[in-house]
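First to last, the sequence lines map onto chains A and B. If you read the first sequence in our numbering, its first letter stands for residue 1, the second for the next number, and so on. If you read the second sequence in our numbering, its first letter stands for residue 1, the second for the next number, and so on.
These are calculated hints, taken from the structure and not from any lab test. No false leads were slipped in.
With a straight-line Cα cutoff of 30 Å, these simulated DSBU-like cross-link-like pairs (lysine-lysine) come out:
{"id": "1", "chain 1": "A", "residue 1": "Lys327", "chain 2": "B", "residue 2": "Lys156"}
{"id": "2", "chain 1": "B", "residue 1": "Lys250", "chain 2": "B", "residue 2": "Lys232"}
{"id": "3", "chain 1": "A", "residue 1": "Lys443", "chain 2": "B", "residue 2": "Lys12"}
{"id": "4", "chain 1": "B", "residue 1": "Lys250", "chain 2": "B", "residue 2": "Lys156"}
{"id": "5", "chain 1": "B", "residue 1": "Lys232", "chain 2": "B", "residue 2": "Lys156"}
{"id": "6", "chain 1": "A", "residue 1": "Lys80", "chain 2": "A", "residue 2": "Lys443"}
The residues making up each chain are set out below.
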Amino acid sequence: MSEPVIYELSRPGRSACSLPEPDVPAAPLPEGWLRGDDLPLPEVSEVDLIRHYVRLSHLNFGVDVGFYPLGSCTMKYNPKVNEDASRLPGFAQTHPYQPEETTQGNLQLMYELQTYLQALSGFAGVSLQPAAGAHGELTGILIMRAYHLARGDAGRTRILIPDSAHGTNPASTAMSGMEVVQLRSDARGNVDLDDLRAHLDDRVAGMMLTNPNTLGLFDEHLEEVAQLVHEAGGLMYGDGANFNALMGIAKPAELGFDVMHLNLHKTFSTPHGGGGPGSGPVGVTAQLAAFLPGPVVERTLDEELCECQDGEEHDATCYFYSLSWPKQSIGRLKAFYGNFLVMVRAYTYIRMLGAAGLREASQDAVLSANYLQARLRGTYPLPHDRICMHEFVLEGRLPDAPGIRALDIAKRLMDYGIHPPTNYFPLIVPEALMIEPTETESKETLDVFVEAMLRIAEEARMQPALLHEAPHNAPVGRLDEVRAARQPRLRWTPAES
Amino acid sequence: MSYVPHTDADRKAMLATIGVRSIDELFADVPQRARFPQVTLPAPLAEAEVVRELREMSEANADLDHAACYLGAGAYHHYVPSVVQHVLGRSEFYTAYTPYQPEISQGTLQSIFEYQSMICALTGMDVSNASHYDGATAMAEAVIMALSATRGTRRKVVLAPAIHPEYREVVRTYTQGMGVEFAGGEDPDADAAALAAQLDERTACVIVQVPDFLGRLERVEALAALADAAHKVGALLVVAAYPIALGLLKPPAAYGADIVVGEGQPLGMPLSYGGPYLGFFACREAYVRRMAGRLVGETVDERGRRGYVLTLATREQHIRRERATSNICSNEALCALAAGVYLAALGKRGLRQVAEICYQRAHYAADAIAGVPGFEVQRARPFFNEFVVRCPLPAAEVNDMLLDWDIIGGYDLGQAYPSLVGHMLFCVTEMNTREEIDDLVAALRAIGEGGKE
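Can you make the complete structure from the sequences, with help from the hints?
Given below as structure tokens:
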């Protein structure tokens, strides 16, 4: 069931576009610059183009197709009204350099989104500029670095990172020019306090912590961890990938975090797109607000615009919204202002749910995860037997099915019409299966998943070949990744057959 | 409404299975003093209400469906064929995750493989990755790659002043912890020869933008000479290219580029007030293992069927962690899909036609504006579809007056270069009709004469 590469559908002379006839005099083209006939792009008709992409879409599994319990990715339902909002021409057809008086709608939306994220997180300042979580992490570490340098302390070059952390955490730290120091987790999945104390000194710029962590657990000593780091002169960075457990439940700024990124494409329902675009806004406490990347959006009361009487509360129309630069900004993290149309989607989501709806989302995300954990713990090893948050980790191996690994379970789930959970992460659990249902799945869907997992455990014992040879029903079987890496074919060439 | 399907009966049943009496008990690990805080947000809205709110907010803007626009400067108004949005609207694509489970993600994987192939076609490079956040961050990653490719012993980067000012800022922000020494100066008129003169054995790379930020093209021979000069000292040449222009102009591979980056937004993404955009990144075969970002490769399954997988993952953060080539994880995959559809829709001849229309209409506009008293078009170097105009009044005032004609004028170059105060950068694309251009010229004439409509 494979679809030809679009080049294989190409025939000279075909076209899928129509362009207007030239209507101005032809100016001579710049000497020496003209490309020859060597523009190897396909030539297809519109019907073949559409059929190609429609058929490719049939080879894809998305949240709109079925259950997608990928831990730490928060594959919640992507509301369609968000998609409509992002396509409003008033938003989509605006150029970032238009005069501010012609983009007050955009600037108002960004300003309000800044304030909504502040309200949820407890932070005093927000930048919407980072385009993804990892981008937000880089931003946050650079802020911590700048803060210490501004204090005259050039010796703080280390960042403490738990062994359960997502790979982007150490990678972002290395990109900032800082040194990674890894900390152990204890038997209950918390940061090991002894290991933390042993590594705290005046070389530590701060700590990166995901909370709840990648085991889905809320650190039982969070306050003490933050206190220890602060007492040693360091700052607390929060990786907000798991914020879906915390909306209306707790504000990270009140838990001791100084700077944190959020993922709009996780917690705030914007679609994953097959790998982006996302958005990774960063929130900071008041003492770090001056270091945020620029520009941010501010507003000023505009006497000319404001028609309020005395005592009347100002509304959005009373203000002029504009871009401004934080006073000690670390600089720009990308051109322009951030992934604006992704912000529109998140904004729409927050306006529809309100505070009560967001809290309900987090509560039900945690409820659903604990429900699945309760139903699966008797069958699969559960390394940390505690109430979990919005996700939990099982071991994908069974005592009486020795040849079966997490990989086999994952591939067999595909035959049941379910996307596998995250596997082999976090690294501290062998054969890890990280399961995050999110709040948008019905109990029936959860029960179908449980039934599938129980059946697969049975198959693992009785018919292991079914797992080893899975998936059986997918468009392709297991792919030779070793060959892909050893003989890289990274683009189509005509010699392909 | 929060899109949550759970009824009270569902919740009761789940709580019973878990063995707790209330949902609140599930949050016992949250410090009591911080638990269940007051969160102040606007009251929730029904879907029809939120649609109205958003529509009103969007209508508080002036948008390009209703105003003619002559802004370019890194974001370009091009026609997006209707097929692009229809493909992007298929939720099998947009609600999918990163294709780590390739057996059920062949749609995403193959479309990215096709995108990679088309970027190689455009740029003449051997390999392209699956995307960066935008052209500016792609350029920053190119610098990081050049530092690594030159064994980490070189710290100098020659940055052409005629590169987009925000790109140069982003490169500096990204490298602020890396001890990079920047050279190149601040004079936007510094040419390839002037840059070549600054290369030495400490240089990791030299970076130019083609056409440059002011829309200009140097001679191909000059750029080839710069490439030679770089290679002679063991440095890389990085070229930031405008992808539409590549439909008409020689690709950077032809004059010796090692890495080609750029902003892919013109390839099927609306202006979007600056994002989401698409950073494309392509390079020579020799550097593939130092590349940042995701890579899709072709392989076979156990039955010999062709399929696609993410590959060379040992470069990436989830495998190599602090030794990864970059921290990038989520990128701009759906925008890369848009670019693939756009390039397939336009095809070999369509892209060239779009480039030609942009070129011709820009030259028509430049010639007409040159005839308006008070306005002086800079013609010292050839240009593609953007050109510099010295205005008789401050650029901001000219633009203010143009708004009365429902025209969004060009970019105020005084913001970017002190030597260009009073100058404006006009961009013309296939979206500016001849009539619109004539209206612009009439408006500028009136402004030059001190009049208003």
